[in-house]
Amino acid sequence: MSNTRKITNKLLEMVEEGVLDPQTLAEACLKYMSEDDAADMAHVNELIFEEEEDEENQSRKNTVKYFLPTM
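Going by this note's numbering, the sequence shown runs without a break in its numbering and finishes at 71.
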């Protein structure tokens with residue numbers, strides 16, 4: 001286990017061992033992160049996809065759809 005990610009690795013180990021529920025950990029992480037951090041994480045991990053602009057509302061920002069993988 002790397003000392004630089006000691007807590008991260010411990011949390012992942014607890015999930016693997018069934019001591020910590022993955023849903024609980026995901027919710028805790030997302031609640032702790034800012035909206036920008038959560039959006040960046042979702043984008044980097046390809047969990048969201050930007051859709052093309054709506055032809056009727058070309059002056060508006062692109063809409064973003066969230067697609068979360070099912071486990």
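Hint data in this document are derived by calculation from the structure and do not stem from the laboratory.
Note that beta-carbon positions come from the ideal geometry of N, C-alpha and C, so glycine has one too.
Among these hints, one or two may not hold up.
Listed next, with one range per pair, are the computed distances between beta-carbon atoms [stated by the list, open to error]:
#	residue 1	residue 2	range
1	M41	E16	19 to 25 Å
2	D37	T4	18 to 24 Å
3	R5	L47	31 to 37 Å
4	L47	N3	17 to 23 Å
5	P22	E46	24 to 30 Å
Cross-check of the supplied hints:
The hint said 19 to 25 Å for the Cβ distance between M41 and E16, and at roughly 21 Å that hint holds. Separation of D37 from T4 is about 20 Å and conforms to the stated range, judged on CB atoms against 18 to 24 Å. Taking 31 to 37 Å as the suggested C-beta distance range, the pair R5 and L47 does not conform, at roughly 21 Å. Between L47 and N3 the beta carbons are some 29 Å apart, a value that contradicts the proposed interval 17 to 23 Å.
About 19 Å separates the C-beta atoms of P22 and E46, a value inconsistent with the hinted range of 24 to 30 Å.
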